[in-house]
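With these hints in hand, go ahead and build the complete structure from the sequences.
According to my numbering, the sequence shown holds residues 156 to 331 in order.
The set of hints was computed from the structure by calculation and includes no laboratory data. Worth double-checking, as some hints may not be accurate.
Claimed, not checked - Using 25 Å as the maximum straight-line C-alpha spacing, the simulated PhoX-like pairs for lysine-lysine come out as follows: (1) K183 / K209; (2) K276 / K265; (3) K246 / K276; (4) K219 / K243; (5) K182 / K253; (6) K246 / K219; (7) K246 / K209; (8) K183 / K219; (9) K209 / K182; (10) K265 / K218; (11) K276 / K298; (12) K253 / K209; (13) K219 / K265; (14) K219 / K254; (15) K276 / K303; (16) K232 / K183.
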Amino acid sequence: LTNQKSLSLQQLQNSFNSSATSQAGAKKLLVIRCLGGSNRRYSRIGDLVIATVKKAEPNSNIKKGQVVMALIVTTRKYFHRHNNSWVKFSKNYAVLVKKEDKEPVAPELKSGDMVRIITGKYRGTIDYISRIDPKNQIVYLKKANKKKYDKSTPENKKKSELKEIMVPIHVSNVAY
Numbered sequence: 156l157t158n159q160k161s162l163s164l165q166q167l168q169n170s171f172n173s174s175a176t177s178q179a180g181a182k183k184l185l186v187i188r189c190l191g192g193s194n195r196r197y198s199r200i201g202d203l204v205i206a207t208v209k210k211a212e213p214n215s216n217i218k219k220g221q222v223v224m225a226l227i228v229t230t231r232k233y234f235h236r237h238n239n240s241w242v243k244f245s246k247n248y249a250v251l252v253k254k255e256d257k258e259p260v261a262p263e264l265k266s267g268d269m270v271r272i273i274t275g276k277y278r279g280t281i282d283y284i285s286r287i288d289p290k291n292q293i294v295y296l297k298k299a300n301k302k303k304y305d306k307s308t309p310e311n312k313k314k315s316e317l318k319e320i321m322v323p324i325h326v327s328n329v330a331y
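Below, the structure written as structure tokens:
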């Protein structure tokens, strides 16, 4: 891999080589565009990039020179996590994605992960993630942090209906 001296901390620059980890048939990729803004220069773990295939396996659907979309999964530069730990990988890797799947991807959390709540009323509770909203950086848990409210109208006060809803928690309030 070339251009390592021009990299900023935990970021990949445009025109940077990366290895592909998917089963599609690409071996080496060259990042040609970081998605997420017109002047965006760097991409990090979890970012979508546009890349071109530099090396491909023979007899595969992916050919050399083909333009593909990829998701950065590991970088050689240090990556800072929310729990104040630093992670460094041995190589830069990207996974090829379909062009229709352009939704933002949370780099660390996903549905079904077990997390511990570190602040608030349910501090110390271990639960599973049921849903993630990456745009607003919030998660919904399966059991903890549910709120009950009375759905009855003033006319039907005797018939009280308690409804339970999931209350979102900010990503910084859970540890994985």
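Each hint tested on the structure:
no.	hint	verdict
1	K183 / K209	holds (5 Å)
2	K276 / K265	holds (23 Å)
3	K246 / K276	violated (41 Å)
4	K219 / K243	violated (29 Å)
5	K182 / K253	holds (17 Å)
6	K246 / K219	holds (21 Å)
7	K246 / K209	holds (16 Å)
8	K183 / K219	holds (9 Å)
9	K209 / K182	holds (8 Å)
10	K265 / K218	violated (31 Å)
11	K276 / K298	holds (13 Å)
12	K253 / K209	holds (18 Å)
13	K219 / K265	violated (32 Å)
14	K219 / K254	holds (18 Å)
15	K276 / K303	holds (15 Å)
16	K232 / K183	holds (18 Å)
When held up to the earlier numbered hints, the structure conflicts with 3, 4, 10, 13 and fits the remainder.
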